[in-house]
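J.: Here is how the chains run, residue by residue.
Number of protein chains: 2
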Amino acid sequence: MTDPESWARKMARRKAVQDAKMAAATAEKGLLMVHTGNGKGKTTAALGLILRAVGHGWPVGMVQFIKSGGRRPGELVALERFADLVDCRVMGEGFTWETQDRARDISAAQAAWTTAQAMMAEPRYRLVVLDELTIVLRYRFLAVSDVVAGLTARRPDLHVVVTGRHAPPELLGAADLITEAQAVKHPFQAGIKAQVGIEF
Amino acid sequence: MTDPESWARKMARRKAVQDAKMAAATAEKGLLMVHTGNGKGKTTAALGLILRAVGHGWPVGMVQFIKSGGRRPGELVALERFADLVDCRVMGEGFTWETQDRARDISAAQAAWTTAQAMMAEPRYRLVVLDELTIVLRYRFLAVSDVVAGLTARRPDLHVVVTGRHAPPELLGAADLITEAQAVKHPFQAGIKAQVGIEF
Numbered sequence: 000m001t002d003p004e005s006w007a008r009k010m011a012r013r014k015a016v017q018d019a020k021m022a023a024a025t026a027e028k029g030l031l032m033v034h035t036g037n038g039k040g041k042t043t044a045a046l047g048l049i050l051r052a053v054g055h056g057w058p059v060g061m062v063q064f065i066k067s068g069g070r071r072p073g074e075l076v077a078l079e080r081f082a083d084l085v086d087c088r089v090m091g092e093g094f095t096w097e098t099q100d101r102a103r104d105i106s107a108a109q110a111a112w113t114t115a116q117a118m119m120a121e122p123r124y125r126l127v128v129l130d131e132l133t134i135v136l137r138y139r140f141l142a143v144s145d146v147v148a149g150l151t152a153r154r155p156d157l158h159v160v161v162t163g164r165h166a167p168p169e170l171l172g173a174a175d176l177i178t179e180a181q182a183v184k185h186p187f188q189a190g191i192k193a194q195v196g197i198e199f
Numbered sequence: 000m001t002d003p004e005s006w007a008r009k010m011a012r013r014k015a016v017q018d019a020k021m022a023a024a025t026a027e028k029g030l031l032m033v034h035t036g037n038g039k040g041k042t043t044a045a046l047g048l049i050l051r052a053v054g055h056g057w058p059v060g061m062v063q064f065i066k067s068g069g070r071r072p073g074e075l076v077a078l079e080r081f082a083d084l085v086d087c088r089v090m091g092e093g094f095t096w097e098t099q100d101r102a103r104d105i106s107a108a109q110a111a112w113t114t115a116q117a118m119m120a121e122p123r124y125r126l127v128v129l130d131e132l133t134i135v136l137r138y139r140f141l142a143v144s145d146v147v148a149g150l151t152a153r154r155p156d157l158h159v160v161v162t163g164r165h166a167p168p169e170l171l172g173a174a175d176l177i178t179e180a181q182a183v184k185h186p187f188q189a190g191i192k193a194q195v196g197i198e199f
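One line per chain: the protein sequences are A and B, in this order.
Here numbering that gives the first Met the number 0 is used: the first residue of the first sequence is 0, the next is one more, and so on.
Here numbering that gives the first Met the number 0 is used: the first residue of the second sequence is 0, the next is one more, and so on.
Misleading hints may appear alongside valid ones.
Repeated chains share a single entry, so a pair holds when one copy, or any two copies, can fit it.
[To be verified] Okay, derived cross-link-like pairs now, DSSO-like style, lysine-lysine, Cα gap no bigger than 27 Å in a straight line: (1) Lys-66 <-> Lys-28; (2) Lys-66 <-> Lys-192; (3) Lys-28 <-> Lys-9; (4) Lys-14 <-> Lys-192; (5) Lys-28 <-> Lys-14.
Hints are computed from structural coordinates only; laboratory data are not their basis.
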């Protein structure tokens with residue numbers, strides 16, 4: 000279909016464009032990354048970043064704002080092999096329609112945010128993951144402006160990942176990277192249940 | 000703002016809806032999951048699923064179709080702590096605009112697909128990740144129809160994740176789950192370079 004020489008020429012042009020783009024991007028900084036949207040892959044992408052980070056020997060902190068200590072998911076079991084590097088705090092009370100107690104949800108969210116702030120202030124961490132922080136913002140368990148101010152005031156080389164649906168506009172405005180996971184097709188719609196190893 | 004009783008009633012209704020949805024989804028099956036789109040988080044979400052899987056003690060296979068053995072990314076270093084469970088084969092030759100040699104790219108893609116098929120046929124694996132398989136389909140290094148037939152013919156309880164941009168329609172048609180990662184904001188656009196621990 001394609002003759003080898005024209006392929007090589009096309010790819011050489013492609014490489015020149017790519018190299019120029021790479022040369023233009025020179026800044027380094029700690030990123031505020033937001034994984035939002037209704038699709039699967041927001042928390043798992045944060046877990047993948049944790050795996051990448053610990054491979055570089057980075058200490059990592061994670062606070063889970065919604066998940067509760069009940070059923071222990073696979074990723075927490077796996078992360079025990081990195082107990083030297085990863086500190087994961089499960090500080091939620093479960094989904095708010097499970098607790099049905101707003102005062103308790105607010106108090107859990109505040110305690111989790113206090114822990115998150117302490118982690119961000121701890122110089123040894125290179126990456127802090129705030130899992131499902133957007134949910135507690137969505138329900139106004141924490142003030143968005145306080146949280147965005149806290150995230151923005153972090154030290155310049157600290158990477159932070161925030162996950163969850165419905166990320167508020169103020170948070171998106173402060174982010175360096177936003178990925179929206181869109182559910183184009185989801186097995187739940189086809190009557191397939193949440194399966195071990197895939198959802199938890 | 001919200002009185003506790005009406006909050007509790009609202010959340011009780013929400014829980015009833017949620018419980019009904021969960022009850023309706025009863026099937027279990029090995030999923031074909033596709034992470035596509037132009038945003039960050041496709042490979043990292045697959046890595047997160049690997050972390051979840053190994054936490055359940057599942058053996059996992061991964062074939063990387065584009066990445067080459069040159070620079071060793073953090074995740075591969077980290078996965079060495081799961082050498083008892085994870086078999087990762089880095090079988091690419093780098094981006095096609097780096098090799099500029101179509102025949103070599105095709106031969107690498109074919110070798111990687113042969114390895115992928117052998118992994119899918121290996122009963123001990125519960126999850127197989129085919130990283131950036133879509134790229135070799137995009138460039139027609141492999142025939143889409145052959146690959147989709149191979150994926151569809153896998154045993155019913157095997158989960159497979161395929162990652163990469165430009166997933167072809169035939170692959171999307173065969174998938175149980177499709178997440179499209181959309182880059183709403185990307186630091187590269189703001190002149191921030193690909194950083195260690197974040198991109199590799």
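J.: If a hint holds in the structure, say so; if it does not, say that too.
T.: Here is what the structure says about each hint:
1. Lys-66 <-> Lys-28: between (30 Å within a copy, 25 Å between copies)
2. Lys-66 <-> Lys-192: This pair counts as within: shortest intra-copy Cα distance 19 Å, inter-copy 33 Å.
3. Lys-28 <-> Lys-9: neither (34 Å within a copy, 43 Å between copies)
4. Lys-14 <-> Lys-192: Between copies only: 17 Å across chains, 44 Å inside a chain, cut-off 27 Å.
5. Lys-28 <-> Lys-14: within (26 Å within a copy, 42 Å between copies)
The structure fails hint 3 only (numbered hints given earlier).
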